[in-house]
Amino acid sequence: MENNVINTPIDPKQIPGWGVDADPKNDPTYPMRYPRMNVGQDPDSKHRPASLQHDDTEKLRSIERPNVSAVYGTTVPPSGLSGMIRRVAFRYSENRYRHWLPLVFADRVNVVEGILDDFAHGKVPNIYAEKGYPVEWKHNRTSLIIKLATVAAVAAGTVVLLSSGGSENKKEKRRPQRPY
Amino acid sequence: MLAMDYRGPKRVRAVQKPMPEIKHPQDAIVRVLRTCICGSDLHLYNGNVPDTRVGTTFGHEFVGEVVEIGSEVTKLKTGDRVLVPFNIACGECHFCRQGMYGNCHESNTEATAVGAIFGYSHTAGGYDGGQAEYARVPYANVGPTIIPEGMDLDDAVLLTDVVPTGYQAAEMAGIQTGDTVVVFGAGPVGIMAARCAWLFGAGRVIIIDKEEYRLDFARNYSYCEAYNFEEIGDPVVFIKKITDWIGADCVIDAVGAEAAGNAMQTITGRKLLLQAGSATAVHWAINSVKKGGVVSIVGVYGPTDNLIPIGNVLNKGLTIRANQASVKRLLPRLIQHVQNGTLNPKGLITHRIPLAEVADGYRMFSAKLDNCIKPVLIP
Numbered sequence: 001m002e003n004n005v006i007n008t009p010i011d012p013k014q015i016p017g018w019g020v021d022a023d024p025k026n027d028p029t030y031p032m033r034y035p036r037m038n039v040g041q042d043p044d045s046k047h048r049p050a051s052l053q054h055d056d057t058e059k060l061r062s063i064e065r066p067n068v069s070a071v072y073g074t075t076v077p078p079s080g081l082s083g084m085i086r087r088v089a090f091r092y093s094e095n096r097y098r099h100w101l102p103l104v105f106a107d108r109v110n111v112v113e114g115i116l117d118d119f120a121h122g123k124v125p126n127i128y129a130e131k132g133y134p135v136e137w138k139h140n141r142t143s144l145i146i147k148l149a150t151v152a153a154v155a156a157g158t159v160v161l162l163s164s165g166g167s168e169n170k171k172e173k174r175r176p177q178r179p180y
Numbered sequence: 001m002l003a004m005d006y007r008g009p010k011r012v013r014a015v016q017k018p019m020p021e022i023k024h025p026q027d028a029i030v031r032v033l034r035t036c037i038c039g040s041d042l043h044l045y046n047g048n049v050p051d052t053r054v055g056t057t058f059g060h061e062f063v064g065e066v067v068e069i070g071s072e073v074t075k076l077k078t079g080d081r082v083l084v085p086f087n088i089a090c091g092e093c094h095f096c097r098q099g100m101y102g103n104c105h106e107s108n109t110e111a112t113a114v115g116a117i118f119g120y121s122h123t124a125g126g127y128d129g130g131q132a133e134y135a136r137v138p139y140a141n142v143g144p145t146i147i148p149e150g151m152d153l154d155d156a157v158l159l160t161d162v163v164p165t166g167y168q169a170a171e172m173a174g175i176q177t178g179d180t181v182v183v184f185g186a187g188p189v190g191i192m193a194a195r196c197a198w199l200f201g202a203g204r205v206i207i208i209d210k211e212e213y214r215l216d217f218a219r220n221y222s223y224c225e226a227y228n229f230e231e232i233g234d235p236v237v238f239i240k241k242i243t244d245w246i247g248a249d250c251v252i253d254a255v256g257a258e259a260a261g262n263a264m265q266t267i268t269g270r271k272l273l274l275q276a277g278s279a280t281a282v283h284w285a286i287n288s289v290k291k292g293g294v295v296s297i298v299g300v301y302g303p304t305d306n307l308i309p310i311g312n313v314l315n316k317g318l319t320i321r322a323n324q325a326s327v328k329r330l331l332p333r334l335i336q337h338v339q340n341g342t343l344n345p346k347g348l349i350t351h352r353i354p355l356a357e358v359a360d361g362y363r364m365f366s367a368k369l370d371n372c373i374k375p376v377l378i379p
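Residue numbers (our numbering), protein chains in the order written: chain A, 1 to 180; chain B, 1 to 379.
Bound-form chain A, shown alone (with noise of 0.2 Å):
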């Protein structure tokens, strides 16, 4: 309660605009404000627009609806392992997590593509600019260090115990066979 002292009070009609879009009809309110019309109500309840979109682009459509839309986006269809995974989780409802999960799942998937994508071109992916760190170094120094510095004790430990284990693994091999 200390920050009382900066709240101070305040006269709400001496705010500008107080209560001109005040309606006490308003309650309940929007999408009640207007009648809704239910299906049965609406002479035209299926209407679509004129036109409608063609293209040859691949569109995955939720199978809780019976058509395409009449527009859709086209940027990005689905390609590669990622899209494998996507076309499977569409032939599940937008009711079931066997739609959402492989989705997510698919997104991480489809990072991995991304890098290799940038390879298969020429292109190293700049990291550490595309993470906007050169912005976090300017502002925010101390946490960024951190948060490297982190990063770099778990992979070096990571590479030590890995390492480790493994001459471990090759000692073992070395070690002669008891013969029974």
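The hints are simulated quantities; they were obtained by calculation from the structure and are not laboratory data. Don't take each hint at face value.
[As the list claims (entries may be wrong)] Computed spacing ranges between beta-carbons, pair by pair: (1) A:Y128 / B:P309: 40 to 46 Å; (2) A:L148 / B:W245: 45 to 51 Å; (3) B:D244 / A:S51: 55 to 61 Å; (4) B:G233 / A:A156: 50 to 56 Å; (5) A:F105 / B:I310: 27 to 33 Å; (6) A:V112 / B:Y213: 36 to 42 Å.
Glycine included, C-beta positions come from ideal geometry on N, C-alpha and C.
Starting from the known structure of chain A, fit chain B onto it as the hints suggest.
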């Protein structure tokens, strides 16, 4: 053309992409003049929205100049300067004809639970967004609105989402004259919702967040009380205490999936993605509103499930209202508010960043660096 390019969680860059093309007779191509990074873009940026594909261009808040129109576009001509609502709406379907332009049924093939939104994953239609030099704008006879003579582009770009969403949050809260309204989240939408609550006659407006600089900003911009939830103990008890142990009449969730403040929600919702985001704000909203009160949700969550105390909704007799803003429906009134000086959207803008530095813009907004409230990208 130069455009933002999503590469994976917390990785974006600006690259050259092909120019957008007319795909439908009601399309227009717009040369983008201003475009914002929205708080809800951060859900995409963090990789929390399913079917966010590498190579997508984000951006659903933009204004620009019409450079090309399809054969059926009658309400715009090349050279017009337009503000483009964030939702793509046909204006003809069962839902659009009821004013629900945020729930159009003829613009999103991939999902029925959400209308189409520019640059907001394939779950929201698979359209490229406006964080680019040019953008394809479908249904150009319906959504795009000519920017009134004399209106600042910075005001106009905030009328595409932030102002209507904040205003509809207050509208959906069903505020009656003298009501106490609590807003969770002092981001741009929360600040605007708090400001708009006064227009509906609120008697007291309180905003809750954990960023001191945002609370200071909200006190000045929205004329409201502002409290840091890290200093007030249990925010639900605090709200009960300052409302004579009754609870707020209306509570607005203007946070959504990125909410902090509850470790269990943060771990399961944001880190492990076992929920459709962290539901801390809506949880607090349900528990801090009075019996019979209204909870208005404009914070964005994913399409799967969230842990919220639904039993309390029943036992307290609450009304929950939620929707993506119906921008087109609200624009005439909001343009009036801007033109007569009641609302000052551009006062929210704290940073102007070249589109080429989009990665820095996302990091700055996401990490709340340099007291960032609202960044605008300039193509």
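Now the hints, each set against the structure:
no., hint, result
1, A:Y128 / B:P309: 40 to 46 Å, "43 Å, holds"
2, A:L148 / B:W245: 45 to 51 Å, "48 Å, holds"
3, B:D244 / A:S51: 55 to 61 Å, "59 Å, holds"
4, B:G233 / A:A156: 50 to 56 Å, "41 Å, violated"
5, A:F105 / B:I310: 27 to 33 Å, "28 Å, holds"
6, A:V112 / B:Y213: 36 to 42 Å, "38 Å, holds"
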